[in-house]
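Peer 1: Please build the complete structure, drawing on both the sequences and the hints.
The listed protein sequences correspond, in order, to chains A and B. Under the UniProt record's numbering, think of the first position of the first sequence as 1, with each following residue one higher. Under the UniProt record's numbering, think of the first position of the second sequence as 1, with each following residue one higher.
Please note: incorrect hints may appear among the correct ones.
Every beta carbon over 12 Å from chain B, so not counted as near; a handful from chain A, in silico [what the hints assert, rightly or not]: (1) Glu20; (2) Ala40; (3) Ser181; (4) Arg217; (5) Lys244; (6) Arg283; (7) Ser287; (8) Lys377.
Taking beta-carbon pairs under 10 Å as the criterion, some of the chain A residues facing chain B (in silico) [as the list claims (entries may be wrong)]: (9) Val118; (10) Lys198; (11) Asn201; (12) Ala205; (13) Ala226; (14) Gln270; (15) Tyr274; (16) Ser277; (17) Leu301; (18) Thr305; (19) Ser309; (20) Lys312; (21) Ala383.
Because the hints were derived from the structure by calculation, they are not lab data. Model, not experiment: these values are computed from the prediction. The C-beta atom is built at its ideal place from N, Cα and C for all residues, glycine as well.
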Amino acid sequence: MEIGAYIKLHRIKQELTQAELAEGIVSSAYLSKIENEKTAASPSVISLLCTRLGIQLDTGTDEMIREKLQNWYGMLSSEHDMDEMVQTYRELNQVMYDNHSADSLVMFEIHKIRYYLVLGEMDNALSQINKLSEMSGTFDTLHQFYWYKFKGNYSSASNEFNQAIRMYEAAEEKFNQLELSEEGIADLQYTIAVTHSKLRNTLEAIDYAEKAIATFRVTYNFSRCAQCHIVLGISYRRIRMHNKAIKNYNLAKHLGELKQNTQIIQLTNQNLGYLYSTIGENRKAISNYEEIVKEEELMLLERITASTSLIKEYYNIYNYDKAKEMIEISLDLLEKAYDKERFQLFYYITYTYDYAINLQAKKFETFVIDEFIPYLKKHKDYANLVNYANMLARHFEGNNRYKESVKYYKLANDTYEELISL
Amino acid sequence: MKKLMATVALGTMLVAGFAAMQDAPTDSAMELEPRIFSVGHDVSNF
Numbered sequence: 001m002e003i004g005a006y007i008k009l010h011r012i013k014q015e016l017t018q019a020e021l022a023e024g025i026v027s028s029a030y031l032s033k034i035e036n037e038k039t040a041a042s043p044s045v046i047s048l049l050c051t052r053l054g055i056q057l058d059t060g061t062d063e064m065i066r067e068k069l070q071n072w073y074g075m076l077s078s079e080h081d082m083d084e085m086v087q088t089y090r091e092l093n094q095v096m097y098d099n100h101s102a103d104s105l106v107m108f109e110i111h112k113i114r115y116y117l118v119l120g121e122m123d124n125a126l127s128q129i130n131k132l133s134e135m136s137g138t139f140d141t142l143h144q145f146y147w148y149k150f151k152g153n154y155s156s157a158s159n160e161f162n163q164a165i166r167m168y169e170a171a172e173e174k175f176n177q178l179e180l181s182e183e184g185i186a187d188l189q190y191t192i193a194v195t196h197s198k199l200r201n202t203l204e205a206i207d208y209a210e211k212a213i214a215t216f217r218v219t220y221n222f223s224r225c226a227q228c229h230i231v232l233g234i235s236y237r238r239i240r241m242h243n244k245a246i247k248n249y250n251l252a253k254h255l256g257e258l259k260q261n262t263q264i265i266q267l268t269n270q271n272l273g274y275l276y277s278t279i280g281e282n283r284k285a286i287s288n289y290e291e292i293v294k295e296e297e298l299m300l301l302e303r304i305t306a307s308t309s310l311i312k313e314y315y316n317i318y319n320y321d322k323a324k325e326m327i328e329i330s331l332d333l334l335e336k337a338y339d340k341e342r343f344q345l346f347y348y349i350t351y352t353y354d355y356a357i358n359l360q361a362k363k364f365e366t367f368v369i370d371e372f373i374p375y376l377k378k379h380k381d382y383a384n385l386v387n388y389a390n391m392l393a394r395h396f397e398g399n400n401r402y403k404e405s406v407k408y409y410k411l412a413n414d415t416y417e418e419l420i421s422l
Numbered sequence: 001m002k003k004l005m006a007t008v009a010l011g012t013m014l015v016a017g018f019a020a021m022q023d024a025p026t027d028s029a030m031e032l033e034p035r036i037f038s039v040g041h042d043v044s045n046f
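Peer 2: Have a look at this one:
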């Protein structure tokens, strides 16, 4: 990174305009040229600008800081203690603006995007992206690699998966020009695999997961290996290769147990439960889901997903007492959710079954027609739209209301067409 | 009467179509991908 971009970074950070920084030293237009590397300013001008910004120039990075930075970057992409990661960030944030090289400072600023994402601070991540956008034209290839990767991470976290893939592909293009660690490359490949899976690009998901797992096996990164096996399990289930999917899930579970990683074990149970549910093995599905609901250490999402899955399973085998029990559990869990919008889908599923089981026909119809189906349409959740349009159609059919029944069977069929064309 | 019969016939056709369709389960909501970030929490997609 050149000096102009370095000055620009500090000016933006201090919220100064070009006119304010340039006043009495150079013209604003000339400062703009310096910042954009369109002219080589004299050392005395550079020195005056740096003095006004309160920064000192140093071409080399202190070894200790460099080591600390590397350490912190590692914490952002591996399993690590959150408190230590935050503490290291605070220490670095205090010293980074004093006396260190422009390259390190820019890298630190780019990694802040990932840091905020890991903490779940989406607004801070976005404002960091916006802050850096202005100067992204001056990034070198390594900066660009992380810039695109972390912008992709932001899009993933915002459920903008198509945009995320575009960013990851831009990062991937930088591979060949850089000497990145194998693990660094595999981490991006794993991320791309997960994103393709979210987009239901099954073959791409398999391709990237296989590439990533080949590296993670060599580096003994068992947690990531397990996560790749889960992506493979989901992908193989989608193309109906059930035995291969089960094999991958079992490998994931085995590795999760080896690492005593509850999150991985239970994620495997959820997906395995779902697989059994789709092939009609309800008992096996129930036994996998039950494991998750019992686990208090897990985050809400996993437990609510499992409890709502169980409502469906019990409903499908006409065990309404157990289904009611699961509805109670789901409602309790939903009560604990601070971000209600994130769990909206589960709220709809739970109440849909609640009304259906308790034979509250009018409430069931109004709720599904006026609230649930519009919600699913709005979120383009075609998979669930097929299921619940079908459930509603069956309800009408059972009550000899054929016209309404046909309407919702048609909705289910049309939506299914949409889904398979994805 | 004709109208009712037509409706029933269409309904039957669609039910048959749907029964075939159920061989290909589509519910993605209950299938969860692993997280991208190893530390902290990830915003999950349903």
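Peer 1: Of the numbered hints stated previously, which ones are contradicted by the structure, given in increasing order?
Peer 2: Those not satisfied come down to hint 11.
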